[in-house]
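Protein chains: 2
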Amino acid sequence: MKKIMNQPSAYVDEALDGLCQAYPHVYRRAGEAGRVIARAQAPRQGKVGVVSGGGSGHLPLFTGYVGTGMLDACAVGNVFAGPTLGDCADAMRIAEQGAGVLRVYGNYGGDRMNFDMAGELLELEGVRSETVLVNDDVASAGREEAHKRRGVAGVVYAFKLAGAAAERPEASLGDVVRIARKGVDACRSIGVALTPCIVPEAGKETFSLGADEMEMGMGIHGEPGIRRGKLASADTIAGEMLARLVDDLGIGRGERVSVLVNSLGATPLEELFILYRAVAQELSALGVGIVMPMVGRYATSMEMTGASLTLQRLDDELEALLRAPADCPFWCR
Amino acid sequence: MKKIMNQPSAYVDEALDGLCQAYPHVYRRAGEAGRVIARAQAPRQGKVGVVSGGGSGHLPLFTGYVGTGMLDACAVGNVFAGPTLGDCADAMRIAEQGAGVLRVYGNYGGDRMNFDMAGELLELEGVRSETVLVNDDVASAGREEAHKRRGVAGVVYAFKLAGAAAERPEASLGDVVRIARKGVDACRSIGVALTPCIVPEAGKETFSLGADEMEMGMGIHGEPGIRRGKLASADTIAGEMLARLVDDLGIGRGERVSVLVNSLGATPLEELFILYRAVAQELSALGVGIVMPMVGRYATSMEMTGASLTLQRLDDELEALLRAPADCPFWCR
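Chains A and B, in that order, give the protein sequences. Under the numbering used here, residues -10 to 322 are what the first sequence spells out, in order. Under the numbering used here, residues -10 to 322 are what the second sequence spells out, in order.
Since the hints were derived computationally from the structure, they do not count as laboratory data. Possibly wrong hints are sitting among the right ones.
Pairs count within a copy or across copies, as identical chains cannot be separated in the list.
Pairs of lysine-lysine, BS3-like flavour, derived with a Cα cap of 25 Å [claimed, not checked]:
no. : residue 1 : residue 2
1   : K219      : K193
2   : K(-9)     : K193
3   : K193      : K171
4   : K219      : K137
5   : K137      : K(-9)
6   : K137      : K171
7   : K171      : K(-9)
8   : K193      : K137
9   : K219      : K171
Predicted model only: the values in this text are computed from it and were never measured.
With the hints as extra help, turn the sequences into a complete structure.
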């Protein structure tokens, strides 16, 4: 793989500049270090703030999902590295409109430490806040250790559901927290990786796999998966991923889900649709309905080859929030 | 690179199935061979039809741009191979609503032959039709041989402008042809390739480049470019691409353009925004305004690494058409 960039150390800041220059009506750089992406227009007074944060290298995750109906602000780390304490605190300060702030982000140790400390800092400044961790990756720990699971593409659903809930004029911090938790509890993902990516400042590939190999369950930073094996057919891959999610989520006949077939970066739309076809067929055979499927690049690892599958179980409340409008260049319906 | 697929011979049809199953309110498979993607709902009677066609492997190009405000139907070839005569004729039959059909597609020999013959066939059936060829790739021939230039990402602008013109209740075939020609005449693109892709049924890479090389001007099927050289910095690449387009288009101070920074597939959003930052800076220095920039994957070569830059010069008429709403999952504003 090869990268189009200038100085590796400028990768993140130049990408953020470009993002904000391309969509100046949506995004602006903010925070003391410029490492917060905030809405170009401040949200209404009295709105519950919804913030996130995470490492760079996953666009449109995390920063791309700032916008009306989604996030208010997002703290931005270096590639595959969490945001600093200062960035997390700045994101929360910007998001606070007098009704408190929800921190919703993927379950990674560094992010937790900094966001927790930022929460304590902000409490001293009189800002109430709560945390909802996204831990949708079934491959990263067993069901009995679900609190250890990492957050992957399911983060996008959490942003959308919490963001839509927070736009409602009557919503309290407690309401938004309840929705975010309910969404996360009903969401499961798993990924498969085929080729690695390059972290700009490291300059080398994040892992290596044989020319005919894949790794089921690998994380979005190249964290080890469940098993390595020969590259299987799309239908076999889809079948294995779906079986693991259906089992873990315990979903069955008469229920409905939104499905996200996500590219880790290089895997093209053609192949995502081949996977979606298999997933739709199997869900139909199980009697599970599909609502608002999403197929594309939502949570990537730069130029990594591979894909992930996410199931978001829906009821009427969550479906209405998922369907609610959002004004964000990367939420296209 | 590795691919997620079943039988290579099923790659295109399974991807089309998945596309139509994911967005059944937008797309349907049509035509005798199932190789036409048509709007799920028939356009209004009396509307000028706008059709295109091309090889597969470029999603969201070409088929993804079927939808209200864009194409009525699209003939679909195998990967990197043009659609058949029968598919071209079927696409036109489906698009005809009594006001004639515009064929707008990239300037490739095979596509031209089949679309021209389809036009003759349809004339016998009483359907008027016209052709507008998109030839935006400045690297594929000199200015004095512009009729030999290939169509690349600029096809997206041609679809949008012609599609928006055709939605106007009073638009005649002549009006839509005039807009499409005007748009194509004001559009220029150039690409740079870093790594190849694999055509499923061939099973091998489309070209080879050294580990530290890039090829400026390479086409979207791996057609030879202008020069091979060492992989340059993003700013240098953006500067060279922009200079070639500005010179060829003859654009200057006080004018305005829409800019498309497009990934050929694997190149991530981060790197597209780094390129956009450089392009925006240089256009600003030239006194050229940017309207509605687009940054993302609009015309790809599956998992190829690289990017293209397109400039679409705008006046009030074209800008209004570009801004007009379109209901298509891959046109997100």
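Quick rundown of the hints versus the structure:
1. K219 <-> K193: Result: close both inside a copy and across copies, 24 Å intra and 18 Å inter.
2. K(-9) <-> K193: both (10 Å within a copy, 19 Å between copies)
3. K193 <-> K171: Neither, since 39 Å and 46 Å both go past 25 Å.
4. K219 <-> K137: Cα proximity of K219 and K137: none, with 28 Å in one copy and 45 Å across.
5. K137 <-> K(-9): neither (34 Å within a copy, 31 Å between copies)
6. K137 <-> K171: within (18 Å within a copy, 58 Å between copies)
7. K171 <-> K(-9): neither (41 Å within a copy, 37 Å between copies)
8. K193 <-> K137: neither (28 Å within a copy, 41 Å between copies)
9. K219 <-> K171: Neither. Shortest intra-copy (37 Å) and inter-copy (51 Å) distances fail the 25 Å Cα cut-off.
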